[in-house]
Amino acid sequence: MTDNREESLDERRRRLTAELAQRGIADKAEERDEIRAEETRKGYGMAMKISSEFISAVIVGAILGYLFDHFVGTSPWGMIIMLLLGFCAGVLNVLRTVGAVATPNPVERKMDLENKGKDR
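Using my numbering, you'd call the opening residue of the sequence shown number 21 and step up by one each time.
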C-alpha cells in the first residue's frame with residue numbers, strides 16, 4: 021500500500037512539474053506579447069504626437085498669414101509665406117521630437133544627454 025501511494029505521489033509530482041513547465045513557457049509568451057503591445061502603444065502615441073505637432077504648426081502658420089493679409093492687405097503673399105514658415109516649423113518640430121536635430125536650448129541638450137546616459 022505504501023509503495024502504491026509513493027508511486028502515485030511520484031507520478032503526481034512529475035505531472036505537476038510538467039504542467040508548471042508548460043505554464044512557465046506560456047507565461048513567458050504572454051510577457052513577450054505584453055512587451056510587444058506596449059511598444060506598439062508607445063509607437064502609436066509617438067505618431068499621434070508628431071502628426072498633431074506638424075498639423076498644428078501648418079494651421080497656425082496659415083491662420084497667422086491670413087490675419088497678416090487681412091490687416092496689411094498683401095493678399096495672398098502673407099498667407100503663402102506664413103504657410104511655408106508653418107510647414108518648416110512643423111518639420112523642425114518633428115525632427116526635434118524624433119531626435120534627428122538637436123534642441124536649440126543648451127540646457128535641454130545637456131539634460132537630454134544625461135537622460136540618455138541613465139537609460140543605458
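The hints are simulated quantities; they were obtained by calculation from the structure and are not laboratory data.
Where is the CB? At the ideal position from N, CA and C, for every residue including glycine.
Fair warning: there could be bad hints in the mix.
Per label pair, the in silico range of CB-to-CB distance [claimed, not checked]:
| no. | residue 1 | residue 2 | range |
| --- | --- | --- | --- |
| 1 | Cys-108 | Arg-56 | 31 to 41 Å |
| 2 | Lys-62 | Glu-39 | 47 to 57 Å |
| 3 | Ala-57 | Trp-97 | 23 to 33 Å |
| 4 | Met-66 | Glu-27 | 25 to 35 Å |
| 5 | Trp-97 | Gly-63 | 18 to 28 Å |
| 6 | Ala-49 | Val-80 | 27 to 37 Å |
| 7 | Thr-117 | Ile-55 | 21 to 31 Å |
| 8 | Lys-62 | Ser-28 | 24 to 34 Å |
| 9 | Phe-91 | Glu-58 | 43 to 53 Å |
| 10 | Gly-63 | Leu-112 | 50 to 60 Å |
| 11 | Arg-61 | Thr-37 | 28 to 38 Å |
| 12 | Val-92 | Ile-55 | 47 to 57 Å |
| 13 | Ile-75 | Ala-46 | 40 to 50 Å |
| 14 | Ile-55 | Arg-32 | 33 to 43 Å |
Hint check:
no.	hint	in the structure
1	Cys-108 with Arg-56: 31 to 41 Å	holds (36 Å)
2	Lys-62 with Glu-39: 47 to 57 Å	violated (35 Å)
3	Ala-57 with Trp-97: 23 to 33 Å	violated (49 Å)
4	Met-66 with Glu-27: 25 to 35 Å	violated (59 Å)
5	Trp-97 with Gly-63: 18 to 28 Å	violated (40 Å)
6	Ala-49 with Val-80: 27 to 37 Å	violated (47 Å)
7	Thr-117 with Ile-55: 21 to 31 Å	holds (23 Å)
8	Lys-62 with Ser-28: 24 to 34 Å	violated (51 Å)
9	Phe-91 with Glu-58: 43 to 53 Å	holds (49 Å)
10	Gly-63 with Leu-112: 50 to 60 Å	violated (22 Å)
11	Arg-61 with Thr-37: 28 to 38 Å	holds (36 Å)
12	Val-92 with Ile-55: 47 to 57 Å	holds (55 Å)
13	Ile-75 with Ala-46: 40 to 50 Å	holds (43 Å)
14	Ile-55 with Arg-32: 33 to 43 Å	holds (35 Å)
When the structure is compared with the earlier hints, violations turn up for hints 2, 3, 4, 5, 6, 8, 10 and for no others.
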